[in-house]
Amino acid sequence: MTIDHPLPAAPEQLEELSAEGLGERRTPGFIRSAILTQPAALVGLGVLFFFVFIAIFGSYLEPYSIHDKTGPVYAPPSSAHWLGTDDGGVDMLSLLIAGTRVSMEVGFAAALVAMLIGGAVGVISGFVGGIIDVVLMRITDIFLVIPDIPLMIVMAAIFGRSLRNIIIIIGIIYWTSTARLIRAQVKSVRERVYVKRARSLGATNNRLVFKHVLPQVAPLLIANTVLMVALAVFAETYITFLGLGDPSAISWGRLIENAFLGNAVLNNAWWAIVPPGVCVTIVILACTMVGQSMEDALNPRLKVGHLSVRRFRLRPLGGKLDSE
Amino acid sequence: MEGRADYVVKRTLFALLTVFVAVTINFLLFRALPGDAVSGLRCQHCTIQFKAALRHDLGLDKSKWEQYKIYLKQLAHGNLGLSDVSHEPVRGLLWDPLKNTLLMLTLGTVFSIIFGLLTGVVAAWRRGTWVDKGSLWTSLAFYSMPTQWLGLMIVYFVADRIGLPHGGIQSPDLGILGNPSTYDYWKDRLEHMILPALTLGLVLYGEYTLIVRSAMLETLGEDYVLTARAKGLSNFAIVRKHGLRNAMLPIVTLIALSLGFIVGGAITVEYVFDYPGIGLAIVDAIDKRDYTFLQGAFLLLTISVILFNFLADLLYFKLDPRVTT
Amino acid sequence: MSARRMLAAAALAAVLLAAGCGGSSGSSGGGSVKQGGVFTIGTTNYIDTLNPFNYIEAEAVTAYLEVYPELVQLAPNLTSYEGSYATKWTHSADFKTYTYTLHSGAKWSDGKPLTSADVAWTANTIVKYQNDATAVLASSVAHVTTVDAPNPTTVVFHYDAPVDPNLVLSNISSLYILPEHIWGSHAGNQGKDLKAFRPENSLPLVSGGPFQITKYEKKGTTVFKPNPGWWGPKPHVEAVGLVYYTNSDSMIADLKSGQISAVDQVPYTAVNALKQSGGLAVTPYKYGEFTNITWNSNPRKPQNRELLDPRVKKAMSMCVDRQQIISVIYDGQATLANQSVIGPFGINWQSPDDQKLQFNCDQANAMLDQLGYKKGANGIRVAPATTGKYAQPAHPMQYQIMVPNSLDFNGSREFSIVADGWSKLGIKVTQQAGGDSAQAYAIETDDNCDAAKSTGYAKFDIALWDWFSYTDPDFQLSVATKGQWCSWSDTGYDNPSYDQMYKQSGTLAGAQRLTLVQKMDKLLSDQWIYTFLVNEKAISAAQPNWAGYHPELNGYNYGYMTEPYQK
Amino acid sequence: MSREPILSVEDLHVWFDLSGGSELHAVQGVSFDLRPGERMGLVGESGCGKTTTILAMMGLLPSSASVAGSVSLDGENIMARGEDTVSPHRWKDIAMVFQGAMNAFNPVKTIGSQIVEPMELHGTATGKAARGQTRELLELVGISGDRVNNYPHEFSGGMRQRAAIALALACEPRVLLADEPTTALDVMVQAQILELLVRLTRDLGLSMILVTHDLPVVAQVCDRAAVMYAGEIVEMGAMSTIYHDPRHPYTRMLFGATPDLLGDADVISIPGAPPRLDREIVGCPFAPRCDSAFAPCATVAPRRMETSPGHEAVCHLNDHVVAKEPA
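Protein chains in written order, with my numbering: chain P, 6 to 329; chain H, 2 to 326; chain Z, 149 to 715; chain U, -13 to 313.
In isolation and in its complexed conformation, chain P is listed as follows:
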């Protein structure tokens, strides 16, 4: 689990950092304010909404059919084809829009799968504790070490090429870091006063989990899921590029693969190479910005830097006093 966070944390650290800064019960508007106060998060969110919009309404926006040859092979961008055409004379812009749909679908669905598995394991492990916790965390540790990408390749090669399989494979490979993060959170929430109070008042475990623990863990889970979307989009391009993608689905990964197999480089067709990669990069950046901003807000783990080029400044007293 190495490409999940841009500022990833070692397993040992995961525990610490999520336990920090969580002293009090969070209000529901927390996420909103966490995002709205950070420009990077706002920009990221805007970008994500844009791509989600394209994904949903893309079929109305595609200028041409993605199955038809509507121009010459590798035609450069023109007024008829804004992003030129590919090795089959198919309109690149239409392909890019169609690719958005599939890539976003895989991204969000796989992240959801990872969130469900990781969240469930994390909550159970953190809430129940004891031997179950030990066993689940040992399993998580092991999967954390087994290299994800080779495992993903093998699974994709074995289970066959369909979108559903890819979503499941990505999901079941990336749940581990979520599980660790959530477990640490749940553990700290469980020890908090109001949860203890609820427990002493006789709340059932179910009620405790759904009424008290989950709402507190949710923001972190959502932040983690947003980061996971980036990971899933990335993984999809990876699997697809190796020829293990869904053959009937046009995704960004597929377009990169097409550019490679279709000799776009030889044909000097930068328009077939650049756009899909730029889209992937932008979406991953956007997810990272949103997810990271949320996590930072949840875990203010970066303390004051004691070291900096700029030291404290001296200020003449008079000026300050004037303004008082």
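Just to be clear, a hint being listed does not mean it is correct.
Said to hold, decoys possible - Below, simulated DSS-like cross-link-like pairs (lysine-lysine); rule was C-alpha separation at most 30 angstroms, straight line:
1) Z:Lys366 to H:Lys100
2) Z:Lys523 to Z:Lys572
3) H:Lys65 to Z:Lys340
4) H:Lys100 to Z:Lys367
5) Z:Lys367 to H:Lys63
6) Z:Lys182 to Z:Lys449
7) Z:Lys182 to H:Lys100
8) Z:Lys523 to H:Lys188
9) H:Lys63 to Z:Lys601
10) Z:Lys382 to Z:Lys367
11) H:Lys70 to U:Lys95
12) H:Lys74 to Z:Lys449
13) U:Lys95 to H:Lys100
14) Z:Lys340 to Z:Lys449
15) H:Lys63 to Z:Lys404
Hints in this document: simulated from the structure, not taken from any laboratory.
With chain P fixed as given, assemble chains H, Z and U onto it according to the hints.
For chains H, Z and U alone, kept in the frame of chain P given last:
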């Protein structure tokens, strides 16, 4: 001190357990395929009887549990089976590409670690300045790029401009009329290695800069850094004596954990650059559905990643006197 | 990815290439022939082994033709055979004995004599272990009982049945004659040692052909240098380098930068770029690959049995826009295929009465309407319920099409064109990925495939496929027999009277055989077990300072490497 | 108490930049003198600016801080040119025992090497001599000299605090700033550490500022105390005077307050919370929590008054008692 010995024992056991789990997953995954290695065979003489005999020869008529035991036993002897395609021992088929990959990977990784450390430390040190912001965004961008795409971009925009080959491992005309000199040979090799190593290096560079920066920031926020400053140490001395050494702890762990990613990156990079390493061999095996080879390659990669993680654990042990469990 | 397709099943790879061979009838005349120079050929196929009992990759044959002698080879016209190590040949009146006269005074590159004894040893060894260790080359001696070497320049092949000369030559052209003094000691252990022998470990290889292999890198460069003891026409070059690339992009880049002399197959997507870059000779040439839709034609097929009806298949075929396929996938470098299983190289054997396929969706719709396949509310046609042994309920006409990923053209794109056409007919198809051809075959034939019990071919409906064409129709015709069930048969076609005709065709020669072959061809055409789409053209490119490069000879004729020369 | 002050802080202000452009006025005109051999307590709740004050004196504030005022050592204003003038005196003349000695030591280096570090840096001792001194220092604070090569995690909390004191003494400073040296230690250990500090200042002739939230501790240890509230010193004087006659309700309440039962938090059980320092305060900052507040408290800021010689307070209650302002 007893606790420290325990640590080594525990990490060793954990590494062994992980290897065992990986081996088991490997066995189970490939048994999840519909049919077996024999049912996919097609040939004039592949009668039902022939297939049954072959199944017997390969031990496929035994129970899964028996097969699993045999598999483990074979592995213990270093036997990874015969390729489904070429029928040669997989162990031998892995060796040549592995050598090529290791060279390229080392070049790329060393590049990225050196530059990642440098820029990460500088960014953390100059936190909030344009140096920090610039390097943060650069590394985030590289980190977000699909490796294969970055490779294509480099082939398209860079290769011809700086006169390096688009791919391959040596020039096609090298050594046809006699053996090249050692110098020519290695110069040619290096020329073919630079771009794939650069691609891999850039992606890793992005990741490592981010890792190092955040680890350094965290370390520089620690109380003992304030103590060091109070003692009168210069900034450079603080970074060198107190910052880096302590930041190395998370960095070592994270770099070890990123090995899976390096391996993954190497696969696409080799594919894009037509570099005949283990990654290209894997792509080829995927293409030909050479499952035994894939199985062997997966095991090799997994075990080496586990091994490196274990080494990182030991390094951690060396770096951090606190570790006990 | 790979320009020529990988043959998955080792045992029968040779069959595919059986038709290969031809003669180098000195086409290097005209112009000034400069001797020397290094000719490097880029290819996306590799020589997997120099042991012909073990090879899988078609590129290996390229090497065998240059280092192991053959009795005959395919002539440069690619339709007839010419002598190679054999100077002439005759057959008995009953077509059961073939006698070849060999070059005299031939030598292996290590100076040992090359004689009929080597031919007899090689052929007899293959016959002896043909069901196991030598199965890869078994087809080259199909029906052979024994081979005699009455004197050093005569070799006699005895067959257990009459075999047509065209078929014999076709088969014998892939008999790679091995030096007995090297190989003889490796025939132990029931012949199993033959497969284990690695001739590439001691280079230069002992050669009886125009070249010696001095350097071999499986996935790198293999170097051929002229064999000084070779008895045939001398190569013009100082050396030939066969350079393997997995990535056509870097191959073409090397060609453009002048690092290699020629490329045998330029990917269709790179043709225009090469033409525009100028300077290179970009040439289309005759190629044997033809593509098709495969229909599951197993008469016991349990579901979607409407697809057994030739009229339905014909109607559906009529709404596949083959021109669109040619323009989108091949960038124009292909032609419409005849509806004949025999393929473009065997055009002389095709029946003149084969089905003709016109692109006409309206008529196709009318035909389906007439056949009673009415469109449902969702616009998808419904196949009505049937009764009888294979009763099936009424069901919508929606199918899965299997697309193997080892096709050397863009299969997904072809699928989408086919699917587009059929959607106009109210027929819905989805793409089923099938791995490479071996795995796709495995899906087609099912796990429990058994010709004796007539099990298998029960699950799939339609596949996109391609075949390679030969000058002799025998192999293609055999594919539709029950004998090829669970093996090369991709359709599951099972017609005893057809099998009877095939059996008979093996014992006929001359005009009689032609008549029967055409009858069989027409039968298959009428049954629409395949819908043939296009004949591919291959395109080669070479540096302008080279001449005499005939890429079409690759795999058929040693002239592939002996003829190129510097202008 | 007639000797010249060794350290003199005059009208010290510290502001922190906050995100969004606003500022936090953390220290608002603090002035006090420290004489040789004197132990002074700086007392107040969490966030009152006491730690910021001593960090400012050491020049250890982060770049988000700006500082005004003067800090004079032997009459020389070491704050005159910021970092440049502070740094030569740091650790050599003024050393510090940090709050939470848990983290004041680098966990991956031995205690000994960390004590040697400033000696070699400032050239007070090098090589073998430095190592010898380190052993002596450890013995001085009550740790066996054989433990120089131990790592911080091998020390108990109390030992680590002792080691931190040894570290502070490494360059033989004249002024020791101790920031909550006993927080997070159990009561027995606390007493031992305080005793050690008293002994050391007496034996070595050190001046010390003890920063704490625990007024009774100050009463035990110090000669003089300054009570801080909301960035200001609200009462300052000899310990005995303050103890017997507190002239600010906050001081009185601090004496009455018991530390948090868990003993780990810097919490004082006075109802209400201190005011926010990023806004302007009208009237007396303590008024909302004061049990003796009356009319002028809400609108008029009280002035500093000398209630008796050497005893100052900032409270309206003293308005009618004393007419004399401090010089």
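Hint by hint, work out which the structure violates, then give me just those numbers in ascending order. 5, 6, 7, 8, 11, 12, 13, 14 and 15
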